[in-house]
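Assemble the complex: chain A is given as a structure, and chains B and C with the ligands must be docked to it using the hints.
Residue numbers (my numbering), protein chains in the order written: chain A, 1 to 284; chain B, 1001 to 1769; chain C, 2001 to 2160.
Among the clues, some could well be false.
Only pairs whose alpha carbons sit at most 20 Å apart, straight line, appear in this in silico EDC-like list of lysine to aspartate or glutamate [stated by the list, open to error]:
hint, chain 1, residue 1, chain 2, residue 2
1, A, K191, B, E1703
2, B, K1172, B, E1300
3, C, K2119, A, E249
4, A, K97, C, E2127
5, A, K191, C, E2126
6, B, K1426, B, D1692
7, A, K97, C, E2085
8, A, K191, C, D2125
9, B, K1019, C, D2125
10, B, K1509, C, E2085
11, C, K2147, B, E1710
12, B, K1769, A, E249
13, B, K1019, B, D1507
Keep in mind the hints are simulated off the structure, nothing from the lab.
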Amino acid sequence: MKPASFSYHVPTSVDEAVALLAELGPQDGRILAGGQSLVPTMAFRMARPTHLIDINGIAELARLTAGGGIVTVGACVRHAAFDSGTLPGATGALLRKVVQNIAHYPIRTRGTFCGSVANADPASEWCCVMAALDGVAVLRSQRGTRRVPAAEFYQGVMATALDEDELLVAAELPMLADDTRTGFVEFSRRKGDFAIAMALVAYRLEGGVIVEPRVAIGGAEPHARRIAEAEDVLSGQAPGAAAFVAAAEAASAAVDPMEDINNTAAYRRGLVRTLTQRALESAE
Amino acid sequence: MTVKPTSWIGASVERLEDKPLVTGRGRFAGDVSFPHQLHMRMVRSSYAHGRLKAIDVTEARAVPGVVAVWTADDIADLPPIDFREGPNEKLAPFRQSVLAKDVVRYAGEPVAAVFATDPYVAEDAAELVTMDVDELDAVIDASLPASEFAAGLTTEPTICRQGYGDIAAAFKGAAAIVEMDLSVGRHSGVPLETRGAIGRYDAARDVLELHGAAKVPHKNRESLARMFGRSTAGVHLYEGHVGGGFGVRGEIYPEDVLVLVAAMRLGRPVKWLEDRREHMIAANHSRQQRHCIRAAVDAEGRLIGIDDDFFHDQGAYIRTHGTRVADTACGILPGPYRLPHYRVNAHFRLTNKTPAATYRSPGRYETNFVRERLMDAIARKLGLSRIEVRRRNLISPDEMPYERPLVALGDEVVLDSGDYEGLLNKALERCQWDRLEREVAERRKAGEYVGLGLAMYVEKSGLGPTDGARVNVHTNGEVEVITGGASVGQGFETVIAQVCAETLGVDYKRVRVIHGRTDRIEYGIGAHATRATVMTANATAVAAGKVRVKALDMAAQLLQTDAGQLTIVNGSVMRTDGAGASIDLGDLAHHLRPVSPTRGERDPGLAAEGWFTTAHMTYPYGVQIALVRIDPSTGGVDIEKMLIAFDVGRSINPMLVRGQLVGGFVQGLGGALFEEFQYDERGQPLSVTFADYLMPTAHEVPEVDILVTEDAPSSCNPLGIKGAGEGGVAAVGAVIASAVDDALGGKGLITQIPITPQAVKAMIDGQRK
Amino acid sequence: MTERREITLTINGTAHKVTVEPRRTLADVIRDDCGQTGTHIGCEHGVCGACTVLVDNEPVRSCLMFAVQAEGRSIRTVEGLQQGEQLHPMQEAFMRHHALQCGFCTPGFLMLAVGALEKRPDLNDEELVDILSSNLCRCTGYENIIKAVRAAAADMKARA
Ligand SMILES: Cc1cc2nc3c(=O)[nH]c(=O)nc-3n(C[C@H](O)[C@H](O)[C@H](O)COP(=O)(O)OP(=O)(O)OC[C@H]3O[C@@H](n4cnc5c(N)ncnc54)[C@H](O)[C@@H]3O)c2cc1C
Ligand code: FES
Ligand code: FES
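Pulled out of the complex, with its shape left as it was, chain A reads as follows (with noise of 0.2 Å):
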């Protein structure tokens, strides 16, 4: 399990990067971020890029930053960094509580948010995560910058937008209102691996009903995004057991399941359900 050979390239700015991506990207080049999706699947060498192009010199793209009512988050900024986070309000709680479900510690201090959004992997939670708040992907090339809603950069089972000469130097998560209420639940077989679904959930209330819901799935698709059947369900409810058992079995029955050998279309509908009840249920 050793990588097959390629060629290391630092480059320590942006436009740095983006030069080589422009030349090296059509010959197989790629982003090297935390490498905690890209190096293992090198090992087994189901992906052998013949140049790496090492992201984790650029000191303008470790930057977190809140402000204008936007998060944005650098392509080197860690899983790690939402763990402690200092991020201010309901998107900084939603933050810490959904980063907790990633993977382990020694892979959060490596992983990074972007990495995980370019990878796209039906399970990741920051995939959800960009699906629930309509996040957008800032995309550079030398051909210019490109801003993608997450509802668009998703395309199927770690198929995104992403051309093969762009690099993701951002991932702008617009942010909650301070009274808004935030549930995420997931299930997998043993804690920290990627989640069979996932639910994340989030509403405010006014005058005592549900408004601006949102409510994504995660995992059981091909890629995350928001179910408006369930939020519709939610819209102008009081918060309470007939709502959200409503919205779960609204999202249940608006899924489409994925099928693999451990889990059913049937079992993963059925997850869905219940996660998104008990995300409903524990949001706060």
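What follows is chains B and C with the ligands alone, placed relative to chain A:
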């Protein structure tokens, strides 16, 4: 005042092994390197079954740094890997060749070997080897009708049959008959260190060396010498640190043979380290069996007869163990119960999966699950409690030793000692079973899915017949115990040192224990079947006892005292009343040097050899109890309480016994809830990473209550020891199945392990409908 | 295409100048090129944690970093835990509590626990178990590892 030597047996002392291991100075296979060594990389079949028409190695050979690439043609003179216990004509055609020829029979089967100056380069080159294979249908289910293995041979090489009594009559006279179809999933030891082998040929001494050996170095030396037509004097195996054995590590595999042959033929040391993916498809799998079992009982729930047909999924070839796991399963299935009539047929089947062999508690983990499921079913059928049905069937202490006309590990089954009901009572009391039952009933009423499980079992250990050890006191007072045992991480050195220290009267820290080295001692049983502690410890006690006698005799002369008035305390010989002078063992060794004038007529050296021989294995026994809670929405199982009660006869180091039991329990938990080698219908392995093969982490593990008793010392050896190595794992599948089943209403729904959340959820949904 | 780079790795304060292909993992280079074989390799895909080392005092999987990425960083391995003859409290606790059997996973657990506790000495029990679930042990069943780390946490605080 009388002086009192320190008692080492029974003391929970720190391990001698630990210091190098916590400081990063261990020597595992990967840490062994020789100058100028080559690295071997295997090319493996990606097909589960196919005709191998051609292999092309030209591109691989051309890679700079590659020294050789071998296929079966290059080693045509090597026989297939033989059985450890010697030739067996009937099974011989089913052995695995070192490299596949003409046919490949499992995904992962070695087809070619690349030798290169660097492991990365070897892997690059291995990828360039191409194979032309006509894919054939893969046999995945061992319980389907047998098919063709090769011309004139079927996929059922043999049926292992055991039994006694009149089974037909037993069923005719039965008040009730209980029938079940029970399956155990394919899983295995999966030690954290993968396999590794370093072959070196020392032409100066004409000695072929295998480093990275484990488990049974002496036996393997014999097998390898036979294979190469060399004398055993010209083959030596060296065991360093071993990162977990569990039955898997230390058997002879194709790779071990290859590094040795290559070391001779290529004239350079050859190192092979298995990678994790390889381990999951190449090292022995285990456990997979399907039992179609029936029990005949009388109106009181007493067993009259058991009739079992089971299918043992051996995988693609028969490896070094032959049919041992299936045989053991047959011999041990009745467990702690009286069973007047018994018939078992083990259909030993070949499939297109990785070959299988032993994994900690082989044949018992499986049959404990099967038998205990059956006992629960009998209780249900007759409306008895699960405890009561067991009580009615347990063999009682006054029936000991209890002979059974059965064979396990080639040894007649004679249960040497045991108070099974006594231990059951202690276990029930310890966990407050009655209270737990009441609580469970109440929680169920409140809608929770909770359940209690119970399993009883008999383990075996101390397979003989004979083991020896040499004890040698050096002139500085340090004691060396040279054994043919092996250490797979279980604390072997410490235990042997404690026994030696106790017998001799020295501090155990002054004892150095040699193991796993064929160049230091001619004979050795290694470490398997939980025998090291029993056999080697008793041999050590004999040898140390002889040294003691010699030391006292020499000291008596020097101290001018009668030997009967002397004792040894902390390495010094002194009078039992503490009066007068004393003399250190090191000084006595000095007096016993060949040139020493004081030695007199005595043989030189403060050293002795000791042998221990036993007629039969010894049978420790246990009770496991579990309380589980199911999340009905996800099907997830949570273990709230776990008790293991186990009688070890006599415990040399209680801390280590506990460690063995807890560690074994967690492995058993893996097999009960998480671990399985899965295959698709083409025979492609699906569990090749640690993300797919789920071993428990610290999160999945409950607190375990351990009750170790010493109520029934073994009558088979003077120390009274029974091994504890396999007692933790043996009944975990059984007890978890029992508890989950109970949580689901006690209807006998759980008929296979591992129990997955998806399966549990489906059962719950099924019941609701 | 076997380009090689000359790099200097600082392991436990000692500089090792080595020439390596970029594809060589940090774990392999620590072991094979720098001769520090205390760091073990159990899976090479990031799950087992046997290869855990501290890079700039953060626990990382050394099988998932390339050695070229560790140039200029401070690497700490199990060999660097003891001070002269004095074992680290974590090493002592592992011995005292029988937190190892075969010892293969031990260096990874030691580095994981030391790294975590140096950062956050006040980890509660639940957090500790959560962190320790990062690594696999096939022998001990974890019970004693958890006990040892708990005990060492107290010792580390006392000695700090
Ligand atoms: C044992 C284990 C368990 C794990 N469990 C989980 C889990 O439960 N949940 C989870 O979400 N993840 C899990 N992961 C994956 C981990 O979170 C990874 O860190 C993450 O998926 C990828 O981030 P990275 O920075 O490591 O990216 P890398 O591995 O460096 O890259 C991944 C891919 O994305 C590309 N890429 C990375 N960054 C960019 C960029 N800025 N622009 C363009 N392309 C880019 C790379 O070229 C590569 O193709 C686990 C990993 C391991 C080893
Ligand atoms: S070897 Fe690095 S995590 Fe297993
Ligand atoms: S002690 Fe063997 S793997 Fe942990």
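Results for each hint:
1. A:K191 / B:E1703: 17 Å, holds
2. B:K1172 / B:E1300: Holds, at roughly 16 Å.
3. C:K2119 / A:E249: 44 Å, violated
4. A:K97 / C:E2127: It holds: about 14 Å lies between the C-alpha atoms, which stays within 20 Å.
5. A:K191 / C:E2126: The hint holds at about 13 Å.
6. B:K1426 / B:D1692: Not satisfied, since the Cα-Cα distance of roughly 39 Å exceeds 20 Å.
7. A:K97 / C:E2085: 43 Å, violated
8. A:K191 / C:D2125: 16 Å, holds
9. B:K1019 / C:D2125: Roughly 27 Å between the alpha carbons, so the hint for B:K1019 and C:D2125 is violated.
10. B:K1509 / C:E2085: With Cα atoms ~18 Å apart, B:K1509 and C:E2085 stay inside 20 Å; holds.
11. C:K2147 / B:E1710: 26 Å, violated
12. B:K1769 / A:E249: 18 Å, holds
13. B:K1019 / B:D1507: Cα-Cα ~17 Å, so holds.
When held up to the earlier numbered hints, the structure conflicts with 3, 6, 7, 9, 11 and fits the remainder.
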